[in-house]
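In case you want the letters, here they are:
Protein chains: 2
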Amino acid sequence: MAGPNLLIIGAGGVGDVVANKAVQFRDRFGTITWAARTADKLAKKAAAVNARYGAPEDSPFIAAEPVDARDTDAVAALIEKTGARIVLNVASPYCNVAISDACLQTGASYLDTALAEDEFTIDIPPNWYEHKEWPRRPEFKAKGVTALLGMGFDPGVVNIFCAWARKHHFDAIDSIDIIDVNAGNHGKYFATNFDPDVNLREVTEEVITWEDGEWKFIPHHSIWQDVTLPLVGEQRVYSMGHDEVQSLAVNFPDTPRISFWMGFGEHYMKVLEVLDTLGLTSSVPVEVDGQMVAPNRVVKALLPDPASLAENYTGKIVIGVDVSGRKDGQDKRVFIWSTLDHKENYEEVGAQSISYSTGVPVITAALLMADGTWDPKTMVNVEELDPDPFLALMPEVGCPWQADELPTDGSWPYADGAGSPSAAPLSQQSAATDRGAT
Amino acid sequence: MAGPNLLIIGAGGVGDVVANKAVQFRDRFGTITWAARTADKLAKKAAAVNARYGAPEDSPFIAAEPVDARDTDAVAALIEKTGARIVLNVASPYCNVAISDACLQTGASYLDTALAEDEFTIDIPPNWYEHKEWPRRPEFKAKGVTALLGMGFDPGVVNIFCAWARKHHFDAIDSIDIIDVNAGNHGKYFATNFDPDVNLREVTEEVITWEDGEWKFIPHHSIWQDVTLPLVGEQRVYSMGHDEVQSLAVNFPDTPRISFWMGFGEHYMKVLEVLDTLGLTSSVPVEVDGQMVAPNRVVKALLPDPASLAENYTGKIVIGVDVSGRKDGQDKRVFIWSTLDHKENYEEVGAQSISYSTGVPVITAALLMADGTWDPKTMVNVEELDPDPFLALMPEVGCPWQADELPTDGSWPYADGAGSPSAAPLSQQSAATDRGAT
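For the protein sequence lines, the chains are F and H, in the order given. Residue numbering for the first sequence follows the numbering used here, starting at 5 and increasing by one per position. Residue numbering for the second sequence follows the numbering used here, starting at 5 and increasing by one per position.
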């Protein structure tokens with residue numbers, strides 16, 4: 005029996021990965037449709053994916069359908085037309101509300117990878133999910149419609165790592181530090197790895213972190229630490245606000261401290277300081293010769309297209325959660341992490357690892373939705389679901405993960421460039437290597 | 005007998021200085037009119053100047069008249085209405101053509117402080133004066149209308165310094181190095197001292213310099229030297245293209261090397277590198293959400309208004325020409341320079357020294373035009389005129405100058421912070437201190 009029909013919305017870097025991965029696992033889905041705003045560009049992309057996996061000319065594995073993803077009716081009509089039962093939203097976060105509304109209307113399951121955003125709004129107060137998502141949860145629940153919020157890597161897999169740590173390794177968790185480091189090099193003077201608009205807002209907002217059981221607000225890039233991660237070695241990471249801190253604070257109510265940390269190099273920090281101090285990262289429009297212009301849109305127009313970076317990207321990303329707490333009366337610390345290699349990912353699907361690390365979890369979750377393993381029939385953040393089937397499946401879809409027990413004094417035992425501390429990993433799941441490309 | 009009626013066009017920082025200075029020397033002019041685009045702002049500024057010098061309510065020293073300075077007919081009508089015989093153009097260089105055409109039409113004498121520019125054009129080939137100015141010289145000559153081009157400090161006074169050096173100190177000049185250093189501090193993260201639009205274009209254009217008797221093109225900020233100037237000490241100055249190099253190359257045909265150097269600090273260079281590398285200094289419009297937007301206009305909209313810097317500006321500027329050549333068979337080197345102090349200038353006229361150093365030469369020249377000392381009845385660059393009366397008068401108007409004989413080995417004999425080398429100056433002219441403000 006063929007699985008449910010799939011509708012993928014969004015054809016940026018993550019969309020590319022999701023489309024490739026959906027086609028790789030096409031035997032577990034019904035029809036696969038890929039929708040985005042620009043018909044020409046989308047048609048070319050879909051043709052390339054069909055060609056990569058050897059689809060017959062008259063029977064493509066993936067079909068292209070142009071859509072305005074900010075138009076609920078248009079999305080609902082496309083869901084009806086394609087008979088999609090699962091909608092994977094990997095479009096801009098500005099489209100989230102329209103797409104999830106279309107799912108509510110049609111009963112199709114919904115998944116996204118980041119919080120809904122408004123284009124010209126910054127520094128939203130916590131809890132971020134209370135603005136657009138959670139108020140609509142009762143409606144999803146009443147109609148029995150599944151919605152998985154924030155199901156990329158971070159948010160997404162890192163939330164699931166936390167759920168797995170709680171389920172298997174801790175009686176009580178005292179702190180969660182999510183650490184996201186891109187140690188890759190794209191060779192450009194400056195570029196963002198996803199939409200510059202969204203990315204520059206994210207990195208320049210006031211940092212909201214969870215400390216002593218309450219929200220704490222600090223200026224961006226004002227707190228940092230140097231960590232020594234597996235494979236990529238010593239890295240300076242800065243405290244930053246991020247979606248998953250918002251939901252974990254609610255779903256891990258007994259954990260007093262939850263922080264997100266992102267790595268930034270010196271050169272990046274220099275460019276960001278200039279752009280930010282001058283107001284060029286702002287999404288609040290200013291008057292320029294009688295027109296209203298958002299400065300960050302101008303910067304976006306000048307920066308390289310994130311998709312263009314993939315071809316020459318080298319190096320690795322490492323994303324993990326550093327969890328400390330107690331088990332059986334003893335202090336315990338576990339680091340659960342994944343790594344991907346930009347060049348390997350590009351060779352497989354034509355995208356860099358930031359996109360790849362977001363797209364693989366999307367299809368992993370879609371496979372669990374397709375076979376009924378994950379079907380909460382309401383809106384959830386993914387840490388609310390059983391982590392085990394997801395983490396068992398993700399390596400097969402393309403992303404390995406590993407858990408290491410670390411010293412409880414907070415030190416990092418990875419020798420520079422090593423993939424494991426001196427002690428053996430608690431758990432190690434390698435990625436599958438045969439992806440079915442012809 | 006009252007002098008000729010004066011029309012000042014432009015109410016930026018330089019306009020402020022010119023208006024103040026015109027009123028200080030009002031006994032040598034007829035009526036004084038100040039024109040600019042924005043009526044309200046101009047009326048307030050004119051009222052402040054009248055108040056500063058104690059003008060009677062019913063008989064102001066300076067009158068305000070709104071005008072669109074890019075509209076030749078409007079400017080010509082205002083010249084007729086005010087009976088102006090001298091028009092001082094201190095508006096944006098985008099207005100030069102319209103204002104000088106209005107002078108040609110009406111026969112009024114014309115003066116400007118910088119080359120005419122087009123808003124969205126960069127990297128104009130040499131000779132810059134051949135694009136807009138010099139092709140119209142025959143018409144000025146035929147009608148006997150005086151036009152003084154580039155009569156600020158640089159271009160302007162530095163050209164006159166060169167003429168003075170040639171007249172009094174050299175038989176032959178081998179090299180002219182114009183050096184412009186602002187050692188002041190405005191306390192802002194980043195700001196330009198005049199229109200950001202014009203300024204950022206100037207500092208990021210390809211550098212055109214005169215070397216071995218021909219034009220040489222080098223990337224901006226690619227050549228620098230460390231100099232030790234009087235009063236402000238050691239400074240790093242970068243080779244830059246500038247108006248005066250263009251005219252001096254023609255008017256000093258036997259001088260093989262003419263360069264302009266501007267001082268830039270490390271922090272300025274960092275910000276400029278980011279803005280320039282990302283394309284944010286470009287005046288070439290790009291598409292942003294369906295609108296065409298020039299990136300440098302967005303930066304301009306975000307940077308502090310140059311006029312707002314004056315209040316907290318401290319420190320000094322030093323601008324001079326380092327001339328080397330031969331006199332009576334001997335090698336000779338002379339440095340002719342001026343200095344101004346931001347705080348002193350602000351206290352006198354409410355403007356910082358970059359504006360002050362441009363405005364004082366404008367009124368010095370206007371006084372020479374008014375009494376007939378300078379009246380070439382054609383278009384000239386100011387090095388074509390007799391430098392002596394100008395340099396005799398400028399200190400009285402507010403800007404001192406000094407000439408020092410320096411070692412011919414190229415070294416700088418100023419002990420850090422000293423105002424003279426060990427040998428006595430060749431010439432020293434202090435500024436007058438009583439400016440007649442009430």
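Just so you know, these hints were derived from the structure itself, not from any lab. Check each hint, because a few of them may be wrong.
In the EDC-like style, the derived pairs of lysine to aspartate or glutamate whose C-alpha atoms are separated by at most 20 Å in a straight line are [what the hints assert, rightly or not]:
#1 Lys274(H) with Asp175(F)
#2 Lys45(F) with Glu291(H)
#3 Lys331(F) with Glu143(F)
#4 Lys304(F) with Glu277(H)
#5 Lys304(F) with Glu315(H)
#6 Lys48(H) with Asp280(H)
#7 Lys274(F) with Asp335(H)
#8 Lys304(H) with Glu277(F)
Coverage of chain H stretches by chain F, computed from C-beta distances (three or more under 8 Å per stretch; other residues unrestricted) [to be verified]:
#9 71-77
#10 305-318
Derived Cβ-Cβ restraints for the label pairs, each shown as a range [to be verified]:
#11 Asp293(H) with Glu351(F): 45 to 53 Å
#12 Val290(F) with Asp77(H): 54 to 62 Å
#13 Asp280(H) with Pro139(F): 19 to 27 Å
#14 Ala43(H) with Gly217(F): 55 to 63 Å
#15 Glu277(H) with Glu209(F): 42 to 50 Å
#16 Asp230(F) with Ala43(H): 54 to 62 Å
#17 Thr281(H) with Ala419(F): 52 to 60 Å
#18 Gly414(F) with Tyr272(H): 37 to 45 Å
#19 Glu388(F) with Val288(H): 36 to 44 Å
#20 Lys192(F) with Tyr272(H): 33 to 41 Å
#21 Asp280(H) with Val290(F): 16 to 24 Å
#22 Pro139(F) with Ala51(H): 28 to 36 Å
#23 Pro289(H) with Glu388(F): 43 to 51 Å
#24 Asp75(F) with Ala51(H): 36 to 44 Å
Even glycine gets a Cβ: it sits at the ideal position worked out from N, Cα and C.
Hints, one by one, checked against the model:
Between Lys274(H) and Asp175(F) the alpha-carbon distance is near 51 Å, which puts this suggested pair outside the 20 Å criterion. Simply put, Lys45(F) and Glu291(H) have alpha-carbon atoms about 19 Å apart, close enough for the 20 Å limit, and the pair holds. Restraint check for Lys331(F) and Glu143(F): the C-alpha separation of about 38 Å exceeds 20 Å, so the hint is violated. As the CA atoms of Lys304(F) and Glu277(H) are separated by approximately 18 Å, the hinted pair is consistent with the 20 Å bound.
About 35 Å separates the Cα atoms of Lys304(F) and Glu315(H), which puts this hinted pair outside 20 Å; it is violated. Using a Cα cut-off of 20 Å, the hinted pair Lys48(H) and Asp280(H) is violated, with the two alpha carbons roughly 36 Å apart. Proposed proximity of Lys274(F) and Asp335(H) is contradicted: the alpha carbons are some 47 Å apart, above 20 Å. Restraint check for Lys304(H) and Glu277(F): the C-alpha separation of about 18 Å stays at or below 20 Å, so the hint holds.
Coverage of a stretch by a chain is defined here by at least three residues with a beta carbon nearer than 8 Å to that chain's beta carbons; for the stretch 71-77 of chain H and chain F the count is 0, and the condition is violated. Coverage of a stretch by a chain is defined here by at least three residues with a beta carbon nearer than 8 Å to that chain's beta carbons; for the stretch 305-318 of chain H and chain F the count is 3, and the condition holds. Look at Asp293(H) against Glu351(F): about 35 Å separates their beta carbons, and that is not inside 45 to 53 Å. Restraint check, Val290(F) to Asp77(H): a C-beta distance of roughly 33 Å breaks the suggested window 54 to 62 Å.
In this structure the hint that Asp280(H) and Pro139(F) lie 19 to 27 Å apart at CB is violated, the actual value being about 46 Å. With their beta carbons about 59 Å apart, Ala43(H) and Gly217(F) fall inside the hinted range of 55 to 63 Å. Judged by the Cβ atoms, the range 42 to 50 Å given for Glu277(H) and Glu209(F) is violated: they are separated by roughly 25 Å. Separated by about 59 Å at the C-beta atoms, Asp230(F) and Ala43(H) satisfy the suggested range of 54 to 62 Å.
As the Cβ distance of Thr281(H) to Ala419(F) is approximately 37 Å, the hint placing it in 52 to 60 Å is violated. Between Gly414(F) and Tyr272(H) the CB atoms are about 41 Å apart, so this pair conforms to the stated range of 37 to 45 Å. As the Cβ distance of Glu388(F) to Val288(H) is approximately 51 Å, the hint placing it in 36 to 44 Å is violated. The hinted range of 33 to 41 Å is not satisfied by Lys192(F) and Tyr272(H), whose Cβ atoms lie roughly 24 Å apart.
The hint said 16 to 24 Å for the Cβ distance between Asp280(H) and Val290(F), and at roughly 21 Å that hint holds. About 56 Å separates the C-beta atoms of Pro139(F) and Ala51(H), a value inconsistent with the hinted range of 28 to 36 Å. Between Pro289(H) and Glu388(F), the C-beta spacing of about 49 Å keeps the proposed range 43 to 51 Å intact. As the Cβ distance of Asp75(F) to Ala51(H) is approximately 55 Å, the hint placing it in 36 to 44 Å is violated.
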